[in-house]
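Taken in order, these protein sequences are the chains called A and B.
Numbering-wise, this note's numbering puts 166 at position 166 of the first sequence, and it's gapless, one number per residue.
Numbering-wise, this note's numbering puts 1283 at position 283 of the second sequence, and it's gapless, one number per residue.
Calculated from the structure, these hints are not laboratory results.
Incorrect hints may have been included.
Once the Cα atoms are required to be at most 25 Å apart in a straight line, the calculated BS3-like pairs of lysine-lysine come out as [as the list claims (entries may be wrong)]:
| # | chain 1 | residue 1 | chain 2 | residue 2 |
| --- | --- | --- | --- | --- |
| 1 | A | Lys308 | B | Lys1413 |
| 2 | B | Lys1322 | A | Lys167 |
| 3 | A | Lys159 | B | Lys1155 |
| 4 | A | Lys307 | B | Lys1063 |
| 5 | A | Lys94 | B | Lys1391 |
| 6 | A | Lys167 | B | Lys1153 |
| 7 | B | Lys1391 | B | Lys1322 |
| 8 | B | Lys1322 | A | Lys188 |
| 9 | B | Lys1413 | A | Lys307 |
Residues of chain B clear of chain A, computed beta-carbon distances all greater than 10 Å [as the list claims (entries may be wrong)]:
| # | residue |
| --- | --- |
| 10 | Glu1013 |
| 11 | Arg1035 |
| 12 | Glu1039 |
| 13 | Lys1063 |
| 14 | Arg1172 |
| 15 | Pro1186 |
| 16 | Thr1287 |
| 17 | Pro1380 |
As the structure is a computational prediction, the values presented were derived from the model and not from experiment.
The beta carbon of each residue, even a glycine, is placed where N, CA and C say it ideally should be.
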Amino acid sequence: MKTAPGASGLIMNEPLLWEKGKKGRKGMSIPAADVPLATPEAALAGAGPDFPDLSEIDVIRHYTRLSQWNFGVDTGLYPLGSCTMKYNPKTNEKQAATPAIAAAHPMLDDEYVQGTLRIMYELQQYLINITGMAAATLQPSAGAQGELTGMLIFDAYHKSKGSKRNKILIPDTAHGTNPASAALCGYKPVPVASNAEGMLDVETVKALMDEETAGIMVTNPNTLGLFEENIRAVAEIVHAKGGLVYGDGANMNAIMGIVDLSKCGVDVMHLNLHKTFSTPHGGGGPGAGPVCVVEKLARFLPIPHVKKDGDTYRLDWDNPDSIGRVHGYHGNYGVLVKAYSYILSMGAANLKKASQLAVLNANYIKERLKGALHLPYDRPCMHECVFSDEKQHELKVATLDIAKRLIDYGYHPPTVYFPLVVHGAIMIEPTETECKEDIDQFIDTILLILQEAKENPQLLYDAPVMAKRKRLDETLAARKPCLCG
Amino acid sequence: MRYLPHTEEEIAEMLATVGSDSLEGLFDTIPADCRMTGEIELPPAMTEWQLDDHMAGISAQMKVTTCHKVMVGAGIYHHFVPESIRTLASRSEFLTAYTPYQPEMAQGTLQGIFEYQTLTARLLGMDVANASIYDGGAALAEALLMGLRINKKRKKIGVSKGIHPHHRQVVRTYLQATEFEIVELPIGADGRTDLGELADHGELAAVAIQSPNFLGVIEDLTQAGVAIHETGAIFITSFTEPLAYGLVKNPGECGADIVCGEGQSLGLSRSFGGPGLGMFACKDAFTRNMPGRLVGETVDRDGRRGFVLTLSTREQHIRREKATSNICSNQGICAMMAGMYMASLGGTGLRELAQLNFSKAEYMKAELKKAGAEIVFDSPTFNEFLVRFPKDFETTRKKLFDEGIVAGLKVGKYYPQLKDCYLFCTTETVTKADIDKVVQEVSR
């Protein structure tokens, strides 16, 4: 086995911002006043905030040191299942920073901003073609806001039919955002248990679906990394009772060019551009969660919506059926440009290839590790595979210990303890941008850690020891919250 | 394709391990009637250099370029952003990290967000700020929902018409499928929210006021707070120009319970309106009702200071439908950038920059008045203000555009009674010479 990437280097200490600096320093240039200085009336005037004063190099060193305590996909393998940490191409960043685009003001008349509108129009079209749906909005800021947009469209659709429904079916393999998004529309989530194969069961759905239920939210491929093979039959049952099918497209990266979501019976779906379309996650965001719909629901999409008349792009505000706005302007626009740049760089054949290789990598890991880790659903998977720590129970080693030990070897741990249907879940999603050698090395490292678990489990309990900090006390953080310095 | 590293040989080896005869074979579980027939319809793949040319072509379709002086704010502001921030924010350890679920290898993001939360709380005069919400519109909607949770017996909320019209639209969208009612509060002749009829609306759970408001006017938040609290409602203030609090009283000093707004002004580019930054803060008492992620301080096994995501029992991944919000992500890197910007300005710099913004607007107001224009509201403003011109301004505006100045925003679309008025914005990026050019054209 080759040497794993984990190593300890010289990592600097760095205090909090306000533990540094001296009053009167400045970290950026401020233009001299070329007009007479004025002050507001005394009753409104404030003293200004108590911020530390720092020089430019103070700020640079501070954040450079902080960055060295972080791990990104540019640093190494980040097999965080369900989060899709594929490589984030650098040209995408450059395109989003194109000066005229980065400086575009969102409140100007359409004629001044044809370029930025064109990107929106074309990206909408590409997303429609990739999913097989009929219309799209780019406004939602993240997947969860896409779900909310979708649920509001459900509600608007039912209202247009003269009914207000109050329940929604949500499989137990769904993301936690699904029930929370549905709750904002007054829908009571009805959990749908998955079957022994980890999939939606037609009979279960049939028993639960009724005319008070707005529809179903399905993540496909689901959070076990499995394609919901009964999706069409499920959709037929839901449609027969007047309901709609929501597709959580978080895992679209597995099926580009392979599946047509409209043929699956999906009526509304969101995409996570920061997953499937390679835009960076930024340590938590911004994401982008465009929503695609079938033809009959296009009239409910948020306004304004970009249209093209001849060679001219315009924002269409005139749609009385629209659910309204979900963002102050046009969504996380810079993120949209990055996804646009990715799609143009890839083209159709490479998008399909990306899905194929993502699925190949996940299945390869599944096959190579299934002897050492328990595999609760031994079926061909899509982009991710889910193991558990069942085989390690007798060694008194848990998923968390394995995860923390991976850090010492220079890997970001997989997603742990999710999905909830698998006790002690270890959810691995390598993505297509990892090559075989790196995946082999990762697999060998996990096997090595499982060997350590047998021979010297203390190594796992103590891990990590190579990171900036050892295990952090999350209980203390929640019991005595210190949220502000 | 340079993003896909597999060689044909590796693919063959891996397929053999998996036990599939082809890449297509990996998808055998997908029913035939769910499949896409043919290839996705997309333009042919571009090389990096073709993409550069393509984007240059799109850039050329923009009539407003970086050479223009855009005297329009309306929620998105042009401020100078130092190169140091762009350089730091593009460090891929920050940019290409996920949500800090493994805190031991994400201390950079976590300390950075903890610092952002702290500086935000200090700027707004509040006890606690979260790790950010999507944007100003979503932040306002979440603040009002929070007010409804706190005051749970009440079913109505009040929203000032001085709040950014797009943010009010987002609120309407968020609440449309609920039983809650929205009451819009009018703007008086002084450009400030008229709370005279507040009591007539019955029991409001929360009332939101933006300051400086959409029309640029600094609201009398102290007085508004007293009136709102008298009715038992939660007092929410919002903003789109947080720089103002370098010079004017912060919302906390004026008695606000929840403060939210758009933070694009703090070091982010305009970027056609996004990604922005939904800033969100509240008083201590309401922390557990707050939506969104929070970073908290703790210690590691050796007792050393460290940071983690905390109080997640409020959040959707634990509480599911009973969560304080469905929000999952925050604006991560944008919040980091705002932290960097606030750190770069410092307390001294923030005050100086705020005063400069205020002074530019005061100068322009005075000069326009001399040139015969009417400054619609007498009330104090920060860096935006509403102007009515004695004669048709459109021709002059077109002429100014050709000279490289976007002179104000027509507000009639949002406020029909102000259809002949223009909202101007003057930040530090606008020079006296730019202002004089506009004034000169108006005087002609």
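Quick rundown of the hints versus the structure:
1. The hinted pair formed by Lys308/A and Lys1413/B meets the criterion: a straight-line CA distance of about 22 Å does not exceed 25 Å.
2. Between Lys1322/B and Lys167/A the CA atoms are separated by roughly 15 Å; this keeps the pair inside 25 Å, and the hint holds.
3. Among the hinted pairs, Lys159/A with Lys1155/B is consistent with the structure: their alpha-carbon atoms are about 21 Å apart, no more than 25 Å.
4. With a C-alpha separation of about 19 Å, the suggested pair Lys307/A and Lys1063/B falls inside the 25 Å cut-off, and the hint holds.
5. Proximity of Lys94/A to Lys1391/B is assessed by CA-CA distance (about 44 Å); at most 25 Å being required, the pair is judged violated.
6. The hinted pair formed by Lys167/A and Lys1153/B meets the criterion: a straight-line CA distance of about 23 Å does not exceed 25 Å.
7. Between the alpha carbons of Lys1391/B and Lys1322/B the distance comes to roughly 56 Å, so the proposed pair goes past 25 Å and is violated.
8. Pair hint Lys1322/B plus Lys188/A holds up; C-alpha atoms about 10 Å apart against a cutoff of 25 Å.
9. A C-alpha spacing of about 20 Å is found between Lys1413/B and Lys307/A, which places the hinted pair at or below 25 Å, so the restraint holds.
10. Against the 10 Å criterion, Glu1013/B falls within the reach of chain A, whose nearest CB is about 7 Å from its own CB.
11. Look at Arg1035/B: its CB is around 6 Å from the nearest CB on chain A, not clear of 10 Å, so calling it non-interface is violated.
12. With a closest Cβ-Cβ approach of about 5 Å to chain A, Glu1039/B is found to fall inside the 10 Å limit, against its non-interface label.
13. For Lys1063/B, the requirement that its beta carbon stay farther than 10 Å from each beta carbon of chain A is not met, with the minimum near 4 Å.
14. At the 10 Å boundary, the C-beta of Arg1172/B falls inside the reach of chain A, the nearest C-beta of that chain being 6 Å off.
15. For Pro1186/B, the condition that its CB be more than 10 Å from all CB atoms of chain A holds, with the nearest at approximately 21 Å.
16. Listed as a non-interface residue, Thr1287/B fails to keep its Cβ farther than 10 Å from every Cβ of chain A; the least gap is roughly 7 Å.
17. Non-interface status of Pro1380/B relative to chain A is broken: a Cβ of that chain comes within 10 Å, the nearest being about 5 Å off.
Checked against the numbered hints given earlier, the structure breaks hints 5, 7, 10, 11, 12, 13, 14, 16, 17 and satisfies all the rest.
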